[in-house]
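J.: Protein chains in written order, with this note's numbering: chain A, 1 to 282; chain B, 1 to 292.
Do not rely on the hints blindly, as some may be mistaken.
Below, in silico cross-link-like pairs of lysine-lysine (DSSO-like), each with a Cα-Cα straight-line distance of 27 Å or less [as the list claims (entries may be wrong)]: (1) Lys233/A <-> Lys184/B; (2) Lys110/A <-> Lys120/A; (3) Lys284/B <-> Lys278/A; (4) Lys278/A <-> Lys266/B; (5) Lys233/A <-> Lys284/B; (6) Lys134/B <-> Lys195/B; (7) Lys273/A <-> Lys21/B; (8) Lys57/B <-> Lys184/B; (9) Lys78/B <-> Lys21/B.
Hint data in this document are derived by calculation from the structure and do not stem from the laboratory.
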Amino acid sequence: MSIRAENLSYIYNEGTVMETYAIRDVSFEIGDGTFVGLIGHTGSGKSTLIQHLNGLLKPSRGTVYFNGEDIFAEGYNMKALRGHVGLVFQYPEYQLFEEDVLTDVMFGPKNLGCSDDVAKERAIRALTQCGVDEGRFDRSPFELSGGYKRRVAIAGVIAMEPDVLILDEPTAGLDPHGRDEILGMISRLHKERKMTVILVSHSMDDVAEHADKIMVLNHGELLFYDTPREVFKHAAELESYGLSAPEITYLAADLNAAGISVDPSMSTIEEAKEEILKALGR
Amino acid sequence: MNIISAAHVVYDYLIRDENDKVVDKRTALRDVSLEIAQGSFVCLLGHNGSGKSTFAKLINAMNLPGEGTVLVSGMDTKDESHLLDIRMTAGMVFQNPDNQIISNVVEEDVGFGPENIGVPEDEILQRVDEALQKVGMTAYRLKSPNQLSGGQKQRVAIAGIVAMRPKCIVMDEPTAMLDPTGRKDVLSAVHELNKKEGVTVVLITHYMEEAVDADRVVVLEKGEIAKASDGSLMDGTPREIFSKVEDLRRLRLSVPVITELGYELKQAGLPLRDGILTRDELVKELVRIKAQ
């Protein structure tokens, strides 16, 4: 279930003086079951890029291949693609609309042509995986707290049983515990269902913790696409693009400067703990 | 002197049916008493639904307490004759900059507030100059807010409040929608205002790192000031509050990354002190331990 972008460009007002590239000549391949963190400053083209991956936006140049097939070729089954590539927008809870939670989550699978029974079965499974208990199934989604609304909205996409799950800042506006819960849930889906995940985030710490690979966009261009370890080696460069490395990576530099030698590319609390204990001979 | 003093404040959200009849109520604040000193930088923490935003809106009389009183510079927010003075004393900045900007040109947007209260034109221009300079946005004076990044827009929104020369700025998650640079710029602008101009800042945030440089941190839980497991109120300096790692976790919050690492290392047996807040502090402690 690989996704491959080839020389992808998206241009606003092409051919006029206002011509602007939202995405410029981006190529990459995301292998089956990879967890990718997509980072970039506001306006770097992250949201534009992900909307190409399930065909919501049509590129000005280049194309996207899903399992080797050009998704923008004539006659390609876009509807089926949207069942394979699920996209969770920013603040997805604004898109809840049904009278009760279960019906809301059933909407996606029904739209893909599932029978009521199958849709219900899938909705229940998705809600359970997203940590929404049965007691909430027949409540109005609008009565739920922000964190639960967000889960229900994500369950709506999971119920379509996509192979690739793309989430645009799924933790924005949540409290720390809510953030951990949502990220933990995504991480579990990734492991248990071998789902490919593309997570758009502003938090370097979150991305460092969960992603196998990190994609960095700057003004629509692909700057890095590598493991967190390699990407965070470029801390100074990231900063010049309005980003930053995780706090722990900066700590590594400070510690090394102070004569406590640790791995300069450590990026998570767990790694730092091990490295520091080792350096102090504990 | 206290610029804000809330005494035994209760606030309920009333739930009405189609006929506007009150059918239920949800208590957002129950018996909150909190005094905020003039010129201080106070961070309010708490999980979603803990009552932070409700409290913030009490400060500039957008919400009026059901029971108890809120005094802003000695003025009771329930006294309608003070409404304008209260709003001029305490300005608010919200989460989404796009909802707070009304004009097509940055300087007009910043000047809107003063113009609205009848400040003479010369003085408006002077206030706009000052306000933009204080948030580091002078270079964008004639730009359209549409061309700005999220962080820049938020700084324009802050300048709009600064131009009103309030004694206090209340900010409800001003950085939630910003990228790391935008967050950093907004925070340093706010700290400057606090230090140089003596503006009181009440900052509501979900980012624990942003609370590290505050004078005081207050944690809310279920509409009250949260209690630690030892029974004390979760109201103190950042170091005091972030030393209570277990309590914060129980309250669905976290601690700054460096504080958490310090805590983990201590649990693993390193003789570190509690409540380490910055990289510098942690490095110094580790160097000290290494030398032993």
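J.: Which of the numbered hints are not met once you compare them with the structure shown?
T.: Violated: hint 7 alone.
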